[in-house]
Amino acid sequence: MHALLGENGAGKSTLMNVLYGLLQPDEGEIVLRGEPVRIGSPREAIGMRIGMVHQHFMLIPVMTVAENVVLASEPRKGALMDRDAAERRVRELSERFGLVVDPRAHVEDIGVGQQQRVEILRVLHRGADVLILDEPTAVLTAQETAELFKVLRALTAEGVSVIFISHKLREVLDIADRVTVLRRGVKVGTVDTSDATEASLAKLMVGRDVLFRVEKEAAAAGEALLEVEDLDVEDDRGLLAVRGLSLRVRGGEIVGVAGVDGNGQSELVEAITGLRVPRAGHIRVAGREIGGAGVRGALAAGIGHIAEDRHRRGLVLDFSLAENLALREYRRPPIRRFGLLSPKRMEQQARPLLEQYDVRGGQPQTTAGSLSGGNQQKVVIARELAEEPKVTIAAQPTRGLDVGAIEFVHSQLLEQRDAGRGVLLVSLELEEIRSLSDRVLVIYEGRIVAEFAPDVSDEELGVAMLGGKTAA
Amino acid sequence: MSDEGGPGTITVASRLSGYLRGGGVLIPLITAFIAFLIGGLVVAAAGANPIDTYRAIFEGSGLNWLFPWVSGDDRTLAALNLQQTLILTTPLILTGLAVAFAFRAGLFNIGGQGQYLVGTFAAVYIGSSLDGTPALLHVVLAMVAGCVAGGLWAGIAGLLKATAGVNEVISTIMLNWTAVFLGSYLFTLGGPLHSDDPAAQSIPVSNDVLESARLPVFWGDPELQGLHIGIFIALAVTALFWVLLNRSVTGYEVRAVGFNPDAAEYAGISAGRNYVKVMAICGVLAGLAGALDVLGWQFRIATNDIAVSQVGYYGIAVALLGRNTAFGTVAAAVLFGALLNGTSVRNLDPTIFEPQLASNLTFIIQGLIVLFVSAPVLVTMLTRGRLLRRRRPTPKPEVRTGAGA
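Residue numbers (my numbering), protein chains in the order written: chain A, 1 to 472; chain B, 1 to 405.
Where hints are given, some of them may not hold.
What the hints assert, rightly or not - Some chain A residues close to chain B (C-beta under 8 Å, calculated; not the full set): (1) I30; (2) G113; (3) R313; (4) G339.
What the hints assert, rightly or not - Residues from chain A shown here face chain B by an in silico Cβ test under 8 Å; the list is partial: (5) V277; (6) G294; (7) V316; (8) D318; (9) F319; (10) L327; (11) R328; (12) P333; (13) F408; (14) M465; (15) L466.
No lab work stands behind these hints: they were computed from the structure. The C-beta atom is built at its ideal place from N, Cα and C for all residues, glycine as well.
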């Protein structure tokens, strides 16, 4: 099993698309089983027993598992598809490789982890012995990832070669035999995982030493900039997700909110940023009440918001970078004049921001959707931090990013803190919370149940996150 | 490429709109070409010569007036034909824009027909009453009445979507039928707006629009249905449409909501309020189309014509073929105006091709265009977007630094 490791936009997916015949190489050759080959199309790739599982699955939701697996090479009975034969074939493959799925289930009804198995089964059904997986764990939970790894080990034991694309160091060390590291489209090294460590791989990926522990000065906390008092917030179903929550963020400190997903974090963030009207309680920014003032009220009071999901909330992917960067200030001069917007001035404002925040591969006119994930997040951060908000609400700010981009996000948040502004960091990554925060709060069932210093042990934090009583 | 999840709430309308503009002008040109080609096959199958037929349709549309070598009687005839083509083009531009604007906000406005109809009702009512109003004021009042009626009509669909989440496709189609029956009721024998003219007591028509509310004819004979100035109004509105969409705060918000309602909300833009606003603007455009038709050349409404009218529906094909852009919509409206006029019974030589069949040819071409233009997106809809998302290349910054999109 061979892993391909690189930052977002390092060229991993491009390389794999070449192997799968989706793109044609400009130069060079591909050697398969000792023979140089030309792969003109995915069909040819399948003929050469190369199979690929894409990051976004390509299944037909309304069809059953078996129908999806045999699609385009259906066993026939006369003019009709032989459903029983298809189901038998799926069961047989499932058993052989330990990929358990119900062949009669409809794809739309099964979970993401199961859907991925269907994709893998489909590839195996076509007889592939070279299996390419593009970021297979990006959509999986920890549990599902562990199961996937079990399956992949079974496959390699059966003689299938697996190419595993990832930017997650730990996973690669866990599963692969050898790792090839790409940086900006160039191979920078191939190493055996037995000789590698997270630090050595990260150095290869980014090209320099990466600080896994964030270095920072002690906080010089000032006045309270964000005060939340007895806040009640409902979720989409009208149930209380945040119950009587109080917290305070002072200038010059980063307050981390740790917790198991679904304990009211999203609702808390949405209430503070004005996306959700709280049922009761107060939210004050530098003494000014913003509870119920809406998004614009929160913006005006000095809230910056790095949203949890940059595709859904943070960016309009079809807008240009300039238009995205204007999302907070398009209704004010200089962008708006005499009631009209000026694309030219939008671009003038965007250019220095793109440079300052090191957004690579983007001109002001580039659409946001064509950037890699890390660079998209830089655009969000540039927009939210450029106006020096009093308090920045960062919700999962590094989700799905590679180490280089994570480091950038962290340093930006620390810069906010060192400039005397407040940061509320909501994250599921305990490591991130601990290394950045000056104080760690634990949220459980909509309440803050504990407060710790950042050097708290995993055990203590874990117990509090699960609602265990501590000395809080 | 590590981005899990997809944009969840992006509508099919928005995806179709994005796809259309992403494809450049080539796609609509090829689409129209193939549609005409298949139309030609149908003509051949019906036993006529496709090339002769298309030439006859072209001459019937009067577009040959643009050729300097056409002279004498031919030129006079071409001018008459072109006037008729442009009279038909005028409302198509506006109903096309009414569909295009909604598309850009991620909405399907199938209700252009209903909005057009209520526009004609309001314009004919104001235009036939208020006797003694000065001419300029009267015609402006009648046009505004058409706009307001269309805007309110479409606003119902916007409001239903914003407040109750009613799909705008369903509500606008229902409002189309409501408008048809409303018109039948208003102008039928003994209906509230039935003609007062003693000579028309057995005919279900409205009162005639008064002279003071008629749009002036600037080309051709007013008695022979010359070209009224509505075409300039439609073109001016097209320019306004471009500014509104691309340069105004409203346009920016509309596009943001269209592409990604969640991100728009995050920037403080209310998607619901935008839906109402967008639909109302669409309705104003379609309502104006109705007003121009009534005040420019029809001058009255007959209940028989209400259910037959297709102007609003053609607007959908016009917007799709015009890629939902201002200029494209005008070009597509001219094409459809020419087709409709060129295939009309009056204009097509029956020895070349039966006009009754030819007008069906227009339907065929329209249908094929809608089908071709929307097919990729319908496929996308069926597979929940997975196909198209893969086909769209993702430029890597390292490879194409600074590639403008």
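Evaluated hints:
Residue-level restraint check for A/I30 is violated (minimum Cβ-Cβ distance to chain B is 18 Å; threshold 8 Å). The interface hint given for A/G113 is violated, since its Cβ lies 13 Å from the closest Cβ of chain B, which is over the 8 Å cut-off. The criterion of a C-beta within 8 Å of any C-beta in chain B is met by A/R313, whose closest approach is roughly 4 Å, and the hint holds. Look at A/G339: its Cβ gets to within about 7 Å of chain B, closer than 8 Å, so that hint holds up.
The interface hint given for A/V277 is violated, since its Cβ lies 13 Å from the closest Cβ of chain B, which is over the 8 Å cut-off. The beta carbon of A/G294 comes within 7 Å of a beta carbon in chain B, closer than 8 Å, and the hint placing it at the interface holds. With a least beta-carbon distance of about 5 Å to chain B, the hint placing A/V316 at the interface is held under the 8 Å criterion. Contact between A/D318 and chain B, as hinted, is supported at the beta carbon level, the nearest pair being about 4 Å apart and thus within 8 Å.
Restraint check, A/F319 versus chain B: the minimum CB separation of about 6 Å is within 8 Å; hint holds. The beta carbon of A/L327 is positioned within 8 Å of a beta carbon in chain B (closest approach about 4 Å), and the interface hint is therefore held. Because the closest C-beta pair between A/R328 and chain B is about 6 Å apart, less than 8 Å, the hint holds. At a threshold of 8 Å, the smallest CB-CB gap from A/P333 to chain B is about 12 Å, leaving the interface hint violated.
Nearest Cβ of chain B to the Cβ of A/F408: about 15 Å, over the 8 Å cut. The hint is violated. The restraint placing A/M465 at the interface with chain B is violated, with a minimum CB-CB distance near 23 Å, outside the 8 Å limit. Violation of the interface hint for A/L466 is found here, the shortest Cβ-Cβ separation to chain B being roughly 25 Å, above the 8 Å cut-off.
The structure fails to meet hints 1, 2, 5, 12, 13, 14 and 15 from the earlier list, while all remaining hints are met.
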